Each structure stands twice: as structure tokens, then as C-alpha cells.
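There are 4 protein chains.
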Amino acid sequence: MKNGLKVAVIGGGSSYTPELIEGFIERHEEFPVQELFLVDINEGKEKLETIGELARRMIQKGGVPIHLTLTFDREEAIKGADFVITQLRIGMLEARSRDERIPLRYQCIGQETTGAGGFAKALRTIPVILDICRDIAKYAPEAFLINFTNPAGVVTEAVNKYSTVKVIGLCNLPINTRKQLAEYFNVESGEIEIEMAGINHLNWTTKIRVKNKDVTDSFLNGEADLKGFNMNNIPDLEWNRDFLRALGALPCGYHRYYYKEDEVLKHQLEQLQETGTRADEVKKVEAALFKRYQDPNLSIKPPELAQRGGAFYSEAAVNIMSSIYNNKKDIQTVNVQNNGILSCLPETASIEVNCMIDRQGAHPIQLTTKIDARIRGLLQMVKAYEELTIEAAVHGDYSMGLLALTTHPLVKSASVAEKILQDILDENKTFLPQFFSKSKTV
Amino acid sequence: MKNGLKVAVIGGGSSYTPELIEGFIERHEEFPVQELFLVDINEGKEKLETIGELARRMIQKGGVPIHLTLTFDREEAIKGADFVITQLRIGMLEARSRDERIPLRYQCIGQETTGAGGFAKALRTIPVILDICRDIAKYAPEAFLINFTNPAGVVTEAVNKYSTVKVIGLCNLPINTRKQLAEYFNVESGEIEIEMAGINHLNWTTKIRVKNKDVTDSFLNGEADLKGFNMNNIPDLEWNRDFLRALGALPCGYHRYYYKEDEVLKHQLEQLQETGTRADEVKKVEAALFKRYQDPNLSIKPPELAQRGGAFYSEAAVNIMSSIYNNKKDIQTVNVQNNGILSCLPETASIEVNCMIDRQGAHPIQLTTKIDARIRGLLQMVKAYEELTIEAAVHGDYSMGLLALTTHPLVKSASVAEKILQDILDENKTFLPQFFSKSKTV
Amino acid sequence: MKNGLKVAVIGGGSSYTPELIEGFIERHEEFPVQELFLVDINEGKEKLETIGELARRMIQKGGVPIHLTLTFDREEAIKGADFVITQLRIGMLEARSRDERIPLRYQCIGQETTGAGGFAKALRTIPVILDICRDIAKYAPEAFLINFTNPAGVVTEAVNKYSTVKVIGLCNLPINTRKQLAEYFNVESGEIEIEMAGINHLNWTTKIRVKNKDVTDSFLNGEADLKGFNMNNIPDLEWNRDFLRALGALPCGYHRYYYKEDEVLKHQLEQLQETGTRADEVKKVEAALFKRYQDPNLSIKPPELAQRGGAFYSEAAVNIMSSIYNNKKDIQTVNVQNNGILSCLPETASIEVNCMIDRQGAHPIQLTTKIDARIRGLLQMVKAYEELTIEAAVHGDYSMGLLALTTHPLVKSASVAEKILQDILDENKTFLPQFFSKSKTV
Amino acid sequence: MKNGLKVAVIGGGSSYTPELIEGFIERHEEFPVQELFLVDINEGKEKLETIGELARRMIQKGGVPIHLTLTFDREEAIKGADFVITQLRIGMLEARSRDERIPLRYQCIGQETTGAGGFAKALRTIPVILDICRDIAKYAPEAFLINFTNPAGVVTEAVNKYSTVKVIGLCNLPINTRKQLAEYFNVESGEIEIEMAGINHLNWTTKIRVKNKDVTDSFLNGEADLKGFNMNNIPDLEWNRDFLRALGALPCGYHRYYYKEDEVLKHQLEQLQETGTRADEVKKVEAALFKRYQDPNLSIKPPELAQRGGAFYSEAAVNIMSSIYNNKKDIQTVNVQNNGILSCLPETASIEVNCMIDRQGAHPIQLTTKIDARIRGLLQMVKAYEELTIEAAVHGDYSMGLLALTTHPLVKSASVAEKILQDILDENKTFLPQFFSKSKTV
Ligand SMILES: [Mn+2]
Ligand SMILES: [Mn+2]
Ligand SMILES: [Mn+2]
Ligand SMILES: [Mn+2]
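Chains as they are written, first to last, in UniProt numbering: chain A, 1 to 442; chain B, 1 to 442; chain C, 1 to 442; chain D, 1 to 442.
Copies of the same chain look alike in the list, so a pair counts if it fits in one copy or across any two.
Under the rule of at most 25 Å between Cα atoms (straight-line distance), these lysine to any residue pairs were calculated in the SDA-like manner: (1) K370 <-> Q360; (2) K179 <-> Q360; (3) K179 <-> N326; (4) K45 <-> T71; (5) K213 <-> Y139; (6) K266 <-> S415; (7) K207 <-> S399; (8) K227 <-> S399; (9) K419 <-> Q107; (10) K419 <-> E270; (11) K328 <-> V215; (12) K266 <-> Q107; (13) K166 <-> G248; (14) K138 <-> E35; (15) K266 <-> L104.
Simulated from the structure, these hints should not be mistaken for lab results.
As the structure is a computational prediction, the values presented were derived from the model and not from experiment.
Just chain A, same shape as in the assembly (with noise of 0.2 Å):
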């Protein structure tokens, strides 16, 4: 990596972009981002726009000499870069909005990343990522690919299996998971240290330190109410706390869908009615977000972004990055190949675990905690639908798709799986030309 540092930003027109902006503004010296390009398709032009200019605003506010590039040349942005972002969304709100719809039909739960809503968006995404990973692989083969485009463990799983770009999946619910203890200790988050478990949106904090000392049991067994521990995306419905003792672990935010599935899919009926899906919701957030980025006196990340959901993305983001630019060995809590950490799955799987970071990239860590029975059956039945989406979506299977649904623990029969499957494929049909051409792609 020379000093001039080149990031490319792969749906730079996402509401989420200033958010990345005040990152590497603030961070500018320890990540000193030389030049940035946000790249977009032409559907997105005005909000490319918008963002690009709230950017160059924030940036000049920010007195940084990064020097910033708006394109719709994918293979501009990414030659010779040292980072590339993918932060897309195929098909926008308007198809998360089908995601959800769809399974909510069928009385399954309907979500963006979870079920048969992640299924969509992976179908959808997928290919399109191994599109950019052709791209990388051309025109900056030493490049990392920093994924945050969901279902993020997934695409790195099919990146991992299908090109030879490094690659790292990214989320936030890690980070907040640690922020949302630091607050719950009432101490500063460089004081809490976790061990994580799982997969990406299915992770399971094994461990808990606070400053330096063991507090899993006490915090799993301790009275005080839970709220808060949780994406905000999520119904906060509670943990009881017989449950979380004989599990030995805090689930994660997504865990609900799982563990607490009637409540949460009773909760979507209602709401289905009375305001629509979340992604109705995000649309109109959106909305307003966009147009208080027009604002020309607008030159930070406006505050209402927060509502939005991705707390804490730049953090997350600048810190790998960082990481990687200063070879610093630290830990944080990623996306990689499994390769025996996790022996109970394919050594292909990708995992979500603490990593030391270093300039070659994220290293998972062995585990000190035995991953048993009672993590194992729900991981395994995740990660084998995982599998069966990736061999869906790079190849346009059906069965593979049929299977996939039949697979996963949210979808409630394989007769379900069909009539979500169809629908699927009938909503989407511009999106997957894998499942409608008759040239596959691979």
C-alpha cells in the first residue's frame, strides 16, 4: 500500500455515505484517504449528486485534502484502489419493501437479511458482487473488498467461493453490541471485551469483560431489563432470563426472529396493517434525509441520520480500514473464512468472530469457549441455507433456491417455500437474469 490512499465507494449514492464521510474526515490522520470515488449506476444520478455534494461541503468544512470523484465508471473508481466499499442496494427500498411483503403473506416473518427476505436481496445481490469482484480482480488484484451489503456474511461466503478477492464482511451490530455494554457497565467501550460466535445477523456473545474481569455468568444470570440490546430495527422484545442461563450466552438483536419468532411475526401482522413494512418506513425516512441533504448549508452528517439505523457504520469501517493501512493488530469482530475455528462448519463457511487485523487482513482467533449443542443446531441449520442461497444465486438453481427456503428455520414448509420462491421470482424478474436468461452466469 503506497501513502496515496485510493478508496472506491460501490453505491456511494446510499443515505449512508456522509456517515462514511465524517469517518474519514475525522480519522483523516491516522486513514489518510487521498482519493475518494463514489461510484453509482445512472438510476441513481441525483442522489449521487446530492451526496456528492453534501460530501465536498463536509470535506472542505473538514479541511482534509481528500480529494473527492463522482462516477458512473465502476472500473475508474477501482483501479489501483486500496479499499473498495460495496454499500449497494439492487433494486432499492422498493424491493426490500417486496422482501418483506412477500414471506408476511405466508405467515412467515418477512425482514430485510433474515428468512426469506434475505433470501430475495442475497438472489438479487450476489451476482452483482461477483461482478465487482471481476472488476477488482482486474484492476486491483491486491485491493480489499470491505462488504457491508447485506445478507454480509452470505456475499462473503459466495466472494470467498466464487473469486480470489480478499474480502472482509462487515456489520455493526458487533461494534454496538459493544457500545450498548459499555453503557449498561457505565463504562467506556475500551473497557468491555467480548467474544463473539456465529455468523453474521446469528452471532452469539460468548464472553463478557469488563475491565479485565469475567462477568458473562453474573450479567446472563443479573436482574436489570435488557432493553437496549438490540438493533434498532428489531421489536425489543425481552429476554427471559432462565432462557438466557441455560443458553450461556447473549444472543444477538436478529436472534429474536429465532428464538421469539410467534411474538415477532405477530408483531409484523399488526404492523403490515397499520403502517406497512420497515422498509415503508426506511422510504420515508429516506425521503426526508435526502432532502435535508440538499441543503447547501448543510456541512456535517445531519443528526437525523441516525434514525436511519446503521449507528456507528463509519466507526466500524474507518476501523478495519485502519487497521489494515497501519497493520495495527488489534481485534475487532468481522466476516471471514472459517477454516476450523467454528470445527462444527464447512471450512468454507464464512464466520463472524473477533480477528486480529493486520496489513494481510482479518485473522480469526480460536475461541475459548466451546461452541455446543445448544448454539450448534440452530448455526448449523442457518449456515447449510446459507450454502444453498450462494449455489441459488450464482447459478440461477431453482431447486437450490427451493431447497434453501425449505432449509431455513423461518420458513414453515416446504409448500410455503414454494409459494414464497415463486413470488420471489415473479417480483423480481429484472433483477435475476441468473433464474430468466438462458446463458447462466458462473
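Mind docking chains B, C and D with the ligands on chain A? Use the hints.
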């Protein structure tokens, strides 16, 4: 094994026993039982006597030199036995009826061996079987335990983990599958060869050969309906051909609980209103059967027994014992320890696969088909449930029980698991001393 | 498999062929060979004709309807064959003689199939076998390749890794061990059951049962000498009883090269001075044999063939082919792919263990004894050598060859490995095009 | 860990102790030892006193508040310790001298930690270390055992298998390799990053980065000689470049015993005639050293200690303890339990790999290079030897000992193993009670 074969049947008063007696008579030449002990508990005195008298009449009519003893003294029955058969039902059909009702209360499938019902049965059964094993280890250490008691796979694994007794778990599903395929293809049963992979009551037929020809694909892709590929206590819902093709294997009857969860649940809830649970039906069948058995003129297995289920139970039992006795080295599908045959499951898991049977027992044969993610996900999740269930049953461990139920794909959430577990404990107090007494077993 | 059985023997001019012919004649009823092709290369014309004429006389005398064809056209021989037998020797006994001399030059054991000698043989043989496999895949894709060519385990693994042909590796050591045990215990061969674990020519007998009684421990602890538990080309050094007891298994004859390395080396160096290598002896035996074969009055396998080695070669060969042909499902010890049976070796390794033989081939049976560190260390090291050897042989890779030899326990050091490898390459130029031509095979 | 750090050094009378004292003084700020206990046995009273007095002078001169206690009461020393360091030598240099002579008697390499010599040392050492562990478990259960005692990998594995004490095995080879590479590349030691894979004294450097640049290939393919890439007790035989290239990794010094067995053996046999074994040399060095230590004017570590070996011993020791104490999360190469990091070795094996060091101990990091057959064979065989050695040492099991030696690549045959084992037992009677007393340990 000396020539004077001794067999002890624990739970001798079962309505299935005449089935077994018939087998011992018909195949006396190849499997010359000399001493046959039917053991039961005092509460089953009346049934044991009814069965015992019928058995005597059958033996006499059969003209074979089997010496029959009825007893309540387990030690006497086991001492020096070559085979010990366990076919007991702790709590009798009353308990089964409760097992089937409790889950339905919470919109979960209620079934004797699968899901929360099978869990309750495992809690009641495992400690008793391990107690029997202590007797076998002491009084007949060379004997084989042939376990029919459900959940047969879980019981087999518990014995392998917590006892030194040589155990083989037996189910009539594999033999029925062969018979059903023979009927479908209109050939002799001996002309059907199948490869089965999985665990008890969750077993996929991954290869079918008819007269030495591999017909797996053509069978799965076929058009004819698959009525009858089922056990007679499971709603006979048709498999969708797209799904079979995608799966690449023939699921077993019990798979309907998973792959058709919504339909089966609906069916069960309706049935519950109309006729009660399966246990309630069986109670009536049994009452009629025992009435029939009492007829002093009856000296054969009455045809009515067929309605009770357990088709080919006797054939399966004599097959395995005779192959051991005669060192036959033939192939049968039974439950044994894994040790690397299904690499996606723990070494110590019980699995149900094709085995070569010789004097030393049942030896699994390497599979010729790779178990991929299509099968792996569900299999691993249910196996994790089984492991947790064994720990709960052996140690009377509430937490493990809660996690076992939460892990089971047919239990909707941790909250539901908690309610079901509470009901199971409340309604089985007398049968679950390990959860209620101070001094725990093991 | 249709009824008109076709068998192709590649290397038909081998002195062993009459052994095979005898088997085809004697067991024609159960294994009715209709078309028998003996193929050889032009250089072996004379020998092929001698063998062919003897075979014809034997068939005629035997009175069986085997139609015999001699040919140099491999394609013709393979086309539509049910079984292809490979028993070729690249470079003939001259090459073997060099293989045995080179290592001795550097104070390392020189042997045809083990150590550096076997390495050289593998380099010459593997590309030819893979070439034959390309023909089989094209002209007889359903045929079984029954490979006798040494090193048989390495060749089997190479075929499994670099070809789609169904291969079974065959060695007469397992059948000889059974015969030797039968003689030792003075029982019929069928009354001996053994469990073998390991790889070709490095195979431990871990269980011995005589008339259904486990005699393993008493045999290992016995006092009687073990002369004759050996192959007739290996110095018959006695096993120390303390060592056998400690090992807990009966080593095979070839184990003497490892466990008695110093004594065997001393023996070989002396022998080299006196009578030359084993190859030199064999050359004389062969010359006499072919002279004998030419006798137009000879129409049976002459007893002198026994001195050549290869005892029960024919029985082993017909056993495996007949069990496949007749779907016998009996137990034989052959070389197949591992897939988890020996968990200490790679999934793709060839192993030599008890298999159930049916129409689909050879299916390993789960071992009843755990392979612990006592056996594991040597086994893993030799298997690593084999893997490296295959890579060297297939790719003509000098580095892999150097590491293969360095890894072999019978090669004293990396420096010695280098010298031996150089000598092997120098003395085998015409047989190792993969190392010398520009365009490498793969 | 409270602030008043307590360290107990068992084998405090060792000539290496001044090395350690120097480290405690120089790095007192970051690792503020408050209580330092040097323990030894009565037989070592004189040496302990000499060392103790020198230590006091050094501490005084250093001006640090370390409170030093000399004692023969192990319990007192261990009670409440934060770190227990074991650097003992059962039987002292006399025993080492015998260990080195016995194998040479049978033409096998004689070495303190490798081969039959290391085996004898393990037999003497393991029971004593396990006895110390019983004290630690009782009197300082939270303490880390930092074990320097050789064979350090075997001892670490024995502690992990037979004790609950937290142990880290330490060797100065990894730190020396870094220093040697720094010198070779003429950079600071901190500019060298290496990945090491293997086990103690059989460790391959699979990746070398200098100033963030991967130079592994160019280094291995280089022309410069590699004198000095060695430990100073091993004959400095040059690595052949073809071999290094083929191996794809830098072997450690001890690899010369395997890869250059013939040359090293020749060297040792010559040396034995001329100057005796390494132990004999060391005895002279030690005598001179202790004489020097007695000088009341000496209050620093004398430069002569460097000749003794053990370079950077102190740095390695303080590094690991300080990183634990300060929760540094830096990378060090130490001996820990495997658990899937090297998938070719058992889960319970000790391995020597890069670890992240924090307050909880040493956590192995996933390797970035795949350990293939080139490394695997030797590694697995030596590990099998180690496992057998532990069983022999713990249980006083002759058979396991015989197999351990037979399995070791440097022992020529089972017959030689038997002779060596007999000699070891004969010459170590007083140190091997587990083999001679009726009541076995454990
Ligand atoms: Mn996320
Ligand atoms: Mn059953
Ligand atoms: Mn052979
Ligand atoms: Mn060392």
C-alpha cells in the same frame, strides 16, 4: 453365544408382543430361541398375563421348543440372556396422550416421537433404559440390547454415551420403506436395494436400486403418486415432485412433520377437536386387541394387530438378532454410533444407516452419496436437539431441557419452549424423578 | 452388466497371467468370462504370445467357453469391457533392479514398492495408468478398473484424484494373512475373520477371530513363533512379543522395512554382494518360467509359478470381480477412498480396509478398533509421502519428488533424498517424460 | 491480578536465572514484580544460594523494589503467585549426559530434547511438573504456569491433558528466529513479521514479511548462506536451496536432526570421541559460570552466560508475562492447545504457533498458509511420538514407551527402541518411580 439362546423382552406385556412371538415361531430354525422371558412391572400384571397365555397357545400351536417364562423380576430375566429387547412405554398410553396434547396447546405439532412429544417421552424413558443397562452390564455383559423403545435414536445414543452395553436401535421404518418400494415397483422385496442416511425418524433414502439398476432419479422425477410411502400414523400428505427432485432423495414419513409442518399442524388441530389425539385412537385399538387376545381359542397373531402400527416389527427384530446369531454379514438399516460415517454429525451421535450385521453387531458402511447442505441443515439441528435432550434426561437439567425444546424446529420459540417444558414437568411428575428429587441420577 | 462378461488384462504378457487364467477357468460357473483380452505393448510381443498360447491350451483343457484375444490395441481391448485389470510393469525387471539398487547406494532400503524404490516405480507407472483411465472413461465408462500394479495404493489414490474411473486396488497380502492365520490356528480359511486397517503394504491386523471367538490378545501374547507371517520376498525376521503386545496389532510383512529397518538394511546390503537384488533373482525365475510356459504340452499353471510370489493373486482377483458381478455383499480387504473411515488420514487418501463388495463396488465398513497414536504416526507419515509422490508423478514436479523422498521414513535425510532422486531421474529418462519434456502431462 | 505481582521460579538455582533477573529489573516499569520466589530442592541448595546472592546484588544495583525470597518450600512459593515459572532439570546435567549417550550407543542421534534423549527427559520431567500443577491448582488456581522445562511442547500437552492449570509453553527459538531474520535483512527486529507453524522444536516459518513486504519466496530462493539460522547447540549444517524451495518454508534449527539425520549423526559420533556430548561441554560452562556468579563484585548478568545458550530467554519470558499482565493483545509464538488450528493434528495436541496474548492467556491465530503434505508427514509422526511419550510418562507404561520410541523417526527400529528403553530405565531408576513402584501415579 452358546446354542441355548435366551431372549428377554422387557415390556413383555406390550400389545406388540404377539408379533414378536410369531417371528420366533416362524423362524425358529434359523434363530432357535430356547428360553424366552417376558418381563413387565407390577402395574402391567394383567396385560402380561393375557399376553403370556396367548404366547403359550401360539408356541404350542407352532410346535417349537421355546420355554416361556413370565416374570416381574428383571434381574432373573436378564441373567445370561443373549438378547435383551426393550419395548416399554413409561406412563403407558395416558402419558402419550399428554405428550401429544401439550404441544398442540401452543400451536406446535404434537407427536409421540418427534418434537416436544418425543422430548417428553425421552425424559421419561432414558433413565429407565439406563437402569436396565446397569442390570445388563452386571448380569449379561455380552448380551445385545435391541431397543425398540422410542425415541429409538435418542435412546441408543444415550446408552452409547452413558453405558458400556452393546446396543442396536431398531425401527420398522427402513424395512417398511423397502416393502413399499417393492410394491411400487412390483418386484420382490429382495430385489430392492436402498441406501439410507440420517437418524431415526429423520431418514433420507438417497439411492434406490431395483434389480441392480439405479432408479433413484427416475423415481424422484416420476409422475405416479406416492401414497403409501409413509408410516400409518402420519397424515399421508403427497410430496411435491419439484421438491423431491430438488431434494434428490426420498424423505421418510416423519419428514412430513418438518417439510409440511403447517399442513400437519392444521390436520392435528382439527383431529384433536374431532377424535382426539393418535394416543386416544390407539387406546381404543389396544383395548379391543387385549379383549381379542383373551380369547382362549386364539392361538395366532390376530389380523387386527396390523391396525395398531408396527408393521414388520417382528421381521425387523428377528432379522437383526438372527444375523448376529448366525454371523450373516448381511445389510440392515439400524441405529448405531456415527464415528465419522456422517461427517456432519458428532462422532458420538447415533445415526440410522445401512450396516453390515455380524456376530459382533452392526457396522455402518460408508455412504456412496455425499450428504450436502440440502440434507445437512435439518439433520444437524435435530441432532443438536437430541444431544441436549439426552443431557436433560440424564441429569434432570431444566436448562438443557429448555434449550433442547428451543432448538427443535417444531417448537416455535423460546417462550413457547418454556411453557411446554413447564407443562411436561407438571404433568409427568411421577415419571421424572431426576427433575424433582434432590439426589440426581448419574 | 450384461451376461456376456468381457475382461481386459493390460500387461497380459505378465508371468502371472496363467494364475489368472486358472482362476477364470476354475470359477467359470460363478464368473462366466466370455471375452478375455490380453493386451500388451509391442516390446512384449514375444512374452504375450507365449502366455497367449499357454492360456489357450489351459482354456481348452478346462473346457470353458472363454473366447481369448491377444492384442496390442488397447482401445479394442477396453471397449465395452466389464473389468479392466492392470498388471503392467513399466521398464520391466530391469527398471525394478535399478529401483532396488539406487537406495542401497546411500544406505537406504531398496525395495520394489516401499521407500525410494516404490517411489521410482510410482513415477513411471502413474502416468501410464492415468492414460489407460482416459481410454476406460471413453470406451468403457461403466467398467471397474482392478489395479494390481504396484504401488497399488498410490496408483489407486492417483486414479481417484485424477480420473473418474471406478477403481479398486488389489493386493494379495490380505488374503495371504487370512490363509496364514488359518494355517496357524489349524482351521479353514473361512473360519478366520480379521479386521485390517491401514494402507497398501502398511496394513495392521487389529482384530482376529477364529470360529467367532476374538483371539487377538491371546495371539499377540502367544509364545509360538510367527515364521511365515510374511510375504515371500521379505526377510522373515521374527517379531518380538513385547513389541507386538505393545502395538496391539499384527503388523504386515512390509512393516519389517520400518520396524526392523536396521536389520533389513544389513540383510539387503549383504545380499546385494552375494546374489544381487530381489529383481535379479526374479529375472532368473521369470526366464525359467517362460521357458516352461513354452512347453506345448503344458496346459495347466505350472507349480514353479509359486516361487515367483503372487500367491493367491488369482483368488483375490476373481473374488473381487465375482462379488461385484454377483452382487455378493461379502467382505474383502481392498484399496478404496477413505472418506472418513480412517479419520487420521485425508478424505481423499486411498486406504486398505475391510469392504463390503456389491454391484456398485467396494464399500468400506466402519472399524471396530480405534486407530490410536501407536499406529497413526507411521501411517500418516507414509501417507503424506504417498500424496507428494502422486503430485510429483502427475506433474513431473521435482520439488514434490524431493519432498516425497525426504518425507519417507526409509530415506535418511534431505541430502540423501536429493542424491537418490537424481539417480532415479538419470536412470529412468525414457520412462519419465513428465520430468523431461517441455509440455507436461496432467 | 492485583497490583502486587508475585512470581515463583521453580528451579531457581538454574544458571539461567540471572538472565531472568535482568529482565525483571530492566522491564520493572511495565512488569512490576513485587514478590519474587526462587525455589529449589535441597540437593540444589548451594547453587540456589549462589544465584540468590547474585540476584540480590543485581536487584540492588538495578534499584527496583523487588522483594526476593529463596526457599525450599514449594507451597510457600506458589501460594498466591500470579506466575509460576518452571525451569527445572530432573537429574541435572548428569542425566542429560546419559540421555545423549544412550542413543548414540545404537547409532541414533542423541539430543537433550529431540529423539530418545528428549524421551528420557520427558519421562523424568512430566510427573514432577504434574505434581507442581497439583500445588498450583490448590494454592494459586488463577496463576499461569510459564513452562520453560524441556521438552516444552510435550510438557505443555501433558499439563493440558492431566491438569486444570493454565499453562503456556515457552521456547526461545521463535524469538531467535525473528532476531536472526532481522540481522539477515539488516532491519529492526520489530520490522520482521513471521508466521510459524508446527510444534516445539519442530517449527516451520511459513511466511516472512520485512517492513510489511512478503519476502518468503525470495528469501527461500536466495543465494546468501544461511549460517546462523540455528540454535547454538545444533551443528550448523547449511540448508540446500533446492530443498528450501521445495519445502516452501524455513525449517527451524532442530529440523537438522531430521532432514540431515545422517550428517548430524556422523558429527555426533565424532564429537563423542573427541569431546564427549553437549552435556559434557555444558557442565564445564556451568562450573565456570557458577564460579563467576560467586564473585561478590558481580552485580550484573555476566556476558559468559551467552555461551550457555538460552539467548533471549529472559526477553521471551518477560514478553509473555508482561503481555498477560498488561492485556497487551500482541502476537507471540508460544505453545498452546491446538483445537483445530492445525487440522492435521489432534484437538488436544500442543502446538507452537503465533498467538494473541491477553489477560486470559495465549490465543492461537488462524494460519494464513495451508499446512500440506510437505510439512504434515513429519509433524504428525513426531506428534504421535509425543502423545505416546506422555502416556508412558504419566502411567509408567512400558508398552507405550516402547511404541513412543519405535514411532520416533530418529530411532531406527523396534529392536533398537527396546534396547534404548532398557538403558533409559536402567540408568534412570531413581528418577522414574512411575515405572518401578507398585502404586502408579495418576
Ligand atoms: Mn448487519
Ligand atoms: Mn420407529
Ligand atoms: Mn501387494
Ligand atoms: Mn526450546
